[in-house]
Amino acid sequence: MDNVLDGIYKKIGTYTGVIKDAVINVEEKEGKVVFSGVSNKNLKDICIEYFDLNRNYEDIKKTLNLVDDNVAKSIEYGSGIRILNQDLWECIISFIISANNNIPRIKKIIERISMKYGKELEFMGKKYYTFPTVEELSKATVQDLRELGLGFRDVRVYETTKKILNKQVDIEKLHSITDSNILREELLKLDGVGEKVADCIMLFSTLKRLEVFPVDVWVRRVMNELYIKAEDENKVNKEQIRKLAEEKYKNLAGIAQQYLFYWKREENKAG
DNA sequence: GTCCAGGGAATCA
DNA sequence: TGATTCCATGGA
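Here the working numbering is used: position 86 in the first sequence is 88, and no number is missing along the way.
Rather than coming from a laboratory, the hints here were simulated on the basis of the structure.
These numbers were taken from a predicted model, which means no experiment stands behind them.
Even glycine gets a Cβ: it sits at the ideal position worked out from N, Cα and C.
Heads up, a few of these hints could be off.
Unchecked claim - The list that follows gives simulated cross-link-like pairs (lysine-lysine, DSS-like), each with its CA atoms no further than 25 Å apart: (1) Lys13 with Lys75; (2) Lys198 with Lys169; (3) Lys31 with Lys13; (4) Lys141 with Lys164; (5) Lys63 with Lys13; (6) Lys31 with Lys121; (7) Lys266 with Lys198; (8) Lys271 with Lys110; (9) Lys75 with Lys191; (10) Lys75 with Lys266; (11) Lys118 with Lys141; (12) Lys210 with Lys22; (13) Lys43 with Lys210; (14) Lys164 with Lys121; (15) Lys46 with Lys34; (16) Lys252 with Lys210; (17) Lys63 with Lys118; (18) Lys165 with Lys191.
Unchecked claim - Here are the computed distance ranges between Cβ atoms for each label pair: (19) Glu122 with Thr180: 33 to 41 Å; (20) Lys252 with Thr208: 17 to 25 Å; (21) Glu29 with Asn239: 24 to 32 Å; (22) Glu29 with Glu60: 22 to 30 Å; (23) Glu174 with Gly80: 18 to 26 Å; (24) Gly127 with Leu246: 19 to 27 Å; (25) Asp218 with Asp181: 20 to 28 Å; (26) Thr143 with Gln170: 25 to 33 Å; (27) Thr143 with Asn270: 36 to 44 Å.
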């Protein structure tokens with residue numbers, strides 16, 4: 003038996019979706035992990051990279067469990083969480099769209115963008131669409147984006163696409179920047195990218211800065227409830243939250259953020 | 001009809 | 001720097 007493949011199945015379960023230029027299906031058949039899909043690259047390699055399967059999350063969880071009981075509880079709640087290695091360009095556009103928006107609508111907008119400007123792939127009789135490249139999305143006018151339902155974010159996506167296309171910000175070179183502060187400064191040059199979106203891009207893309215701690219409304223809420231305990235959570239300083247996260251979670255703050263975020267949101271849904 | 005959504009940017013002090 | 005306000009859209 004292939005223990006690596008067995009491990010992969012245990013980690014990601016069944017999955018069908020688009021990863022970069024590929025449609026990938028992972029499932030278990032007769033006790034074996036089977037990859038199928040449409041791609042000119044190795045399906046298994048794509049999965050290992052995308053699902054961050056070479057990282058030992060058990061070690062990470064052991065470390066974070068020692069911080070305090072709250073974190074331990076959140077880890078128990080979302081024990082299968084992994085931080086994906088999402089494409090940088092796709093991540094930038096996705097989080098610009100996320101501003102003052104809700105997750106179902108964010109997903110729908112990205113689907114519409116992919117359907118109109120990405121490439122069509124067919125797998126098992128069903129059609130899938132890749133997220134458009136910079137060149138592909140640069141064909142869209144502000145009006146085109148407005149019609150896809152982006153709202154006030156249309157200009158931001160348009161301007162950012164333009165800046166990346168003409169290499170005013172060269173995102174290919176971002177991976178070679180070691181200093182996280184310089185990296186953040188580069189991202190902040192993009193329209194629609196503020197502190198929170200920049201942090202999300204650094205954490206959730208292939209930039210993989212696991213130490214950054216994006217503070218959104220949910221994270222502010224959970225951090226206030228667990229540690230700060232201010233009467234009005236809206237008045238809690240974001241910088242104070244980031245410092246607290248750095249002290250407590252060190253270089254794993256970003257992963258802790260995900261456990262805490264998921265925990266608080268799911269608890270709210272169940273509420 | 002009202003409120004809110006994984007915020008950013010412009011404006012003003 | 002820090003606080004306020006507006007920004008489209010759609011679902012609850």
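Consistency of the hints with the structure:
no.	hint	result
1	Lys13 with Lys75	20 Å, holds
2	Lys198 with Lys169	23 Å, holds
3	Lys31 with Lys13	16 Å, holds
4	Lys141 with Lys164	10 Å, holds
5	Lys63 with Lys13	15 Å, holds
6	Lys31 with Lys121	30 Å, violated
7	Lys266 with Lys198	18 Å, holds
8	Lys271 with Lys110	20 Å, holds
9	Lys75 with Lys191	38 Å, violated
10	Lys75 with Lys266	11 Å, holds
11	Lys118 with Lys141	10 Å, holds
12	Lys210 with Lys22	17 Å, holds
13	Lys43 with Lys210	22 Å, holds
14	Lys164 with Lys121	20 Å, holds
15	Lys46 with Lys34	13 Å, holds
16	Lys252 with Lys210	15 Å, holds
17	Lys63 with Lys118	41 Å, violated
18	Lys165 with Lys191	9 Å, holds
19	Glu122 with Thr180: 33 to 41 Å	39 Å, holds
20	Lys252 with Thr208: 17 to 25 Å	22 Å, holds
21	Glu29 with Asn239: 24 to 32 Å	47 Å, violated
22	Glu29 with Glu60: 22 to 30 Å	24 Å, holds
23	Glu174 with Gly80: 18 to 26 Å	33 Å, violated
24	Gly127 with Leu246: 19 to 27 Å	51 Å, violated
25	Asp218 with Asp181: 20 to 28 Å	24 Å, holds
26	Thr143 with Gln170: 25 to 33 Å	19 Å, violated
27	Thr143 with Asn270: 36 to 44 Å	38 Å, holds
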